[in-house]
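Residue numbers (the numbering used here), protein chains in the order written: chain A, 1 to 289; chain B, 1001 to 1285; chain C, 2001 to 2405.
These are computed hints drawn from the structure, not numbers from a lab.
There may be inaccurate statements among the hints.
[As the list claims (entries may be wrong)] List of simulated lysine to any residue pairs, SDA-like, C-alpha gap at most 20 Å:
| no. | chain 1 | residue 1 | chain 2 | residue 2 |
| --- | --- | --- | --- | --- |
| 1 | C | Lys-2174 | B | Pro-1137 |
| 2 | B | Lys-1044 | C | Lys-2057 |
| 3 | A | Lys-114 | B | Ile-1272 |
| 4 | B | Lys-1051 | C | Glu-2397 |
| 5 | C | Lys-2174 | A | Ser-55 |
| 6 | C | Lys-2352 | C | Lys-2365 |
| 7 | C | Lys-2057 | C | Gly-2309 |
Keep in mind that this is a model prediction, so the values were computed, not measured.
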Amino acid sequence: MTASATRVIAQPKMKKPGLSWPIILIGSILVLVVCMFPFVWMGLSSIKTLKELYSVPPIWWPAVPTFDNYYKVLFESNIPRYFLNSVIISVGSTGLALILAIFASYGFARFDFKGKPYLQAFILVGQLLPTAAIIVPLFITLRVLGLVNTYWGLILVYMIVTLPLSVWMLTSYFRAVPVEVEEAAILDGASRLGVLFRITLPLSLPGLVAVIVYAFVTTWNEFIFALCFATDSSVKTLPIGLAEFSTEFNTDWGAVMAASVVMTVPIALLFLVFQKMFVGGLTAGATKG
Amino acid sequence: MKSQTGLLFVLPALIVLFMLIAYPVAYTGLLSVTDGNGHLVGFKNFAAVLKPRVTTQAFINTIYWVFGSIVFQVVLGTLTAILLNQSFFGRGALRAITLIPWVVPGIVAATTWAWMFHTEFGIINYMMTGSGVLQSPIGWLTNKDTVMPVLIAINVWKLFPFVAIMVLAGLQSIPNDLYEAARVDGASFWEEVWYVMLPSVRPVITAVTLLLVIWGLNSITIIYAITRGGPANKTLITPIQIFRLAFESFQFNQAAALSVIFFGVAIVVVFIYIKVLSAQPGEAK
Amino acid sequence: MRSKRTAALLALTVSALTLSTAAFAGEVVWWTPNWGEARAKELAGKFEAANPGITIKMEVTTSDGLPQRVLTALQSGGAPDIIEVQHGWVNGYAQNGLIIPLDDTIQDKDDYAKAAIDYVSWDGKLWAIPYRMETRAVVFNKADFKAAGLDPDHPPQTWKEFVDAATKLTGNGKSGFAITGGGEMGNTITGSLPYIWMNGGSIISDDMTTATVNQPAAVEAVTFYTDFLKKGLSPASTLENDGTAARRLFIAGAVSSYLGGQFDIPSIRTENPAIDIGIFQTPHPDGKETAGVLGGWSYIIPKDAKNPGEAKKFLQFMNTSENQGFFTDTFPVRISSQAQPRFNDPILAVFKSMLPFARPVPIHKNWVQISQAYFDGLQRIMLGDQTPQEAMDQANEEIQALLDS
């Protein structure tokens, strides 16, 4: 394995045939515009005054850009505290779901056992009931466990929400790893767990990153469970913070938009750093080993 | 031997899910066959929810909504993934930007779109009339022919990044020698897409599609925040109907009955999908 | 091996976490909306000072998702001791056995506006203490009136005058009177139901056995309402507008009048100080009286409240004539509280004059679904799918089915 990996690095990489640059350029611009258009509008709204937000006809650029909304969000609201809560809860539930999902996915991807299709379907059962139906019994469950208004309550709930999809996605990524690689390692005397953590997981790193992103983003933005299960400001999350800019008959849209930017940009930046892991670097050599 | 090892891997997740989901499932089932005082009433609740014509309309709308969204989410998501898999300057930044629609909080995204599509305040009508594309503003969200397509477009915008990221992860795991083999045969780029990339990420795409079906069946944020199922139930989907029954009308038992029906239909769809999948090659030995 | 360890770890964490934070005796957990937070804190502080041994734990609620949050808590037994809810929700809670009656808590019941008391009574018992009430009136732009040759000091009083005024106001990109037809249906019920009432009609009969929404009086009122859109007097966006959107269009200068509440006034003044605001009573058919839907908020005590005794004591403190007038956002329900100076602002005069004409919606267990059927009918008319008579015939049939079930 080492030898072949070195060989790949040593050889000047053969150029893959790719898309021609005009297509890449046009495609990139399209993706950029589609993804950014509403977000730019949100960003512009966050630096407008109240009167400029709703005008007929609409205006693009505020006469005097103001950062009052950001000041309000960062220094005069609960958003910073809720940001911390959201980080704790999202990291906790993502981590927990990931640990369980790695084992379950490996089991589903690599072994054949009785009733597997049924168990795979069972994993999804919780996702098939509408939120409106499970929210009350879930609340009762949390109350019995004493977890209402605690970080752990939301962490567990979000784990149930994200675990099924994480298992399904990881299973498909694990399956893409050639079985031969694992068999070779087992012949060399590696244990099953050793194979999983030293070979399969590193080889599925892009998939793992994708699943982490999924679980994190889902918990980061969830509203209705957080609203019902966290009523104390010590555990409220960011989406609740957004709702707190609304009163009965009015919404401070400038502040909501500023808070949304504050909520969104760090995640995108985090991904900018993480996306470097989106390379199946080992794959080339490994399959030949 | 082997079968037991596999089960051991799977068991922790199954036990945790079972512990937390068993009660809600049983609770919903019980509610669906009882009345407000807890007396058994058989299938009365089911009859009550199936009778109004709005139930049928919601069911048809749900199918329209789910399938309309998924086709575009998968196609656009996969194309974006192929683009983001190329190497070019600024790729990392573009990948991060692609994530934005998905990361923006659902309610805010929905409200922002509703605002941009508004007949009077909306920037979209303003740009289109200003540039001469439209003669006069269109009521995107008030016209019965445009409202559902607009909502589907918003839903596609929100979730195609999810497909793109998932498929991109799959593309990145394709061993180089598969490409090399294709290149020896003198394959063009699009042949490579067709014969190397798509077959390799097929398990990912099938899993993603199933998950999108399930999400689509259970996603109410966008529609509820923008039209609440209106105008005149043109965009009412079954999960919103259940939501209304349970939280607005205090009809807990009828809401549970509708949930059970919904659950039944969904589980049949999922099961057929899994059966078809497991008949395909690509399963591990 | 590994999986066993994971399972054991999980079991450990779960058991460690069950050390819950149970409410202790003497603590009253109070869910209060964010818009009254500052006043709530002040009163809670005063109460705690006067009642050593009782602590008030405030948990702030938001209007987004409040019905879901309250209902989830009430149904799952994890409810606080006091919740503030809209009058209209109280009956659903009462009829499903989720809250306790408060006949023993209310003091000076005769001092309360009867319409509000009726709103939260059912089965001969009082299920909530109403503390706040309001109704709507037409908010208009005085400058627009003058520009259209209308006299802002003599605004329209009858339906005919109203339509004439709206017609004159419409033009040059402005709409005369914005009705609502989208968003939360409550806005449109509040905006259209009064016309049916003024005209002597109703949605269901007084004995709640017969649907009456396709009777001539109701259909005539529905036609009157929807014609504002059909005749182009209300903006093209009507079907996507709720009350807030109508106000924003008014602030933006795109509409000259709309049905608003006193809570709209501060928003208009901050967002567009240039507008000279006028208010008039909702116009009525010639020779008849105006009407409005009663809105407002009440306190409830859930069935599963941990400390109902202390909660009742706190509610009595909150509803002294003085404190109720201090705490409410709009008008207090107690007649004596309405004498407080803050309710004598001239801009509130018309809203105050509408209060005697405010009525509660019918107290029927299926009311939400009944009003949904009516609302769907209104939207079908505005979409151009059906004529008012056809739409109300269909709504009538659906409502009758809900009454019979």
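Outcome of the hint check:
1. C/Lys-2174 <-> B/Pro-1137: Holds: C/Lys-2174 and B/Pro-1137 sit about 15 Å apart, inside 20 Å.
2. B/Lys-1044 <-> C/Lys-2057: With Cα atoms ~43 Å apart, B/Lys-1044 and C/Lys-2057 exceed 20 Å; violated.
3. A/Lys-114 <-> B/Ile-1272: 18 Å, holds
4. B/Lys-1051 <-> C/Glu-2397: 13 Å, holds
5. C/Lys-2174 <-> A/Ser-55: At roughly 13 Å apart (the allowed maximum being 20 Å), A/Ser-55 and C/Lys-2174 satisfy the hint.
6. C/Lys-2352 <-> C/Lys-2365: Judged against 20 Å, a Cα distance of about 30 Å means the pair is violated.
7. C/Lys-2057 <-> C/Gly-2309: 15 Å, holds
In summary, the numbered hints that this structure violates are 2 and 6.
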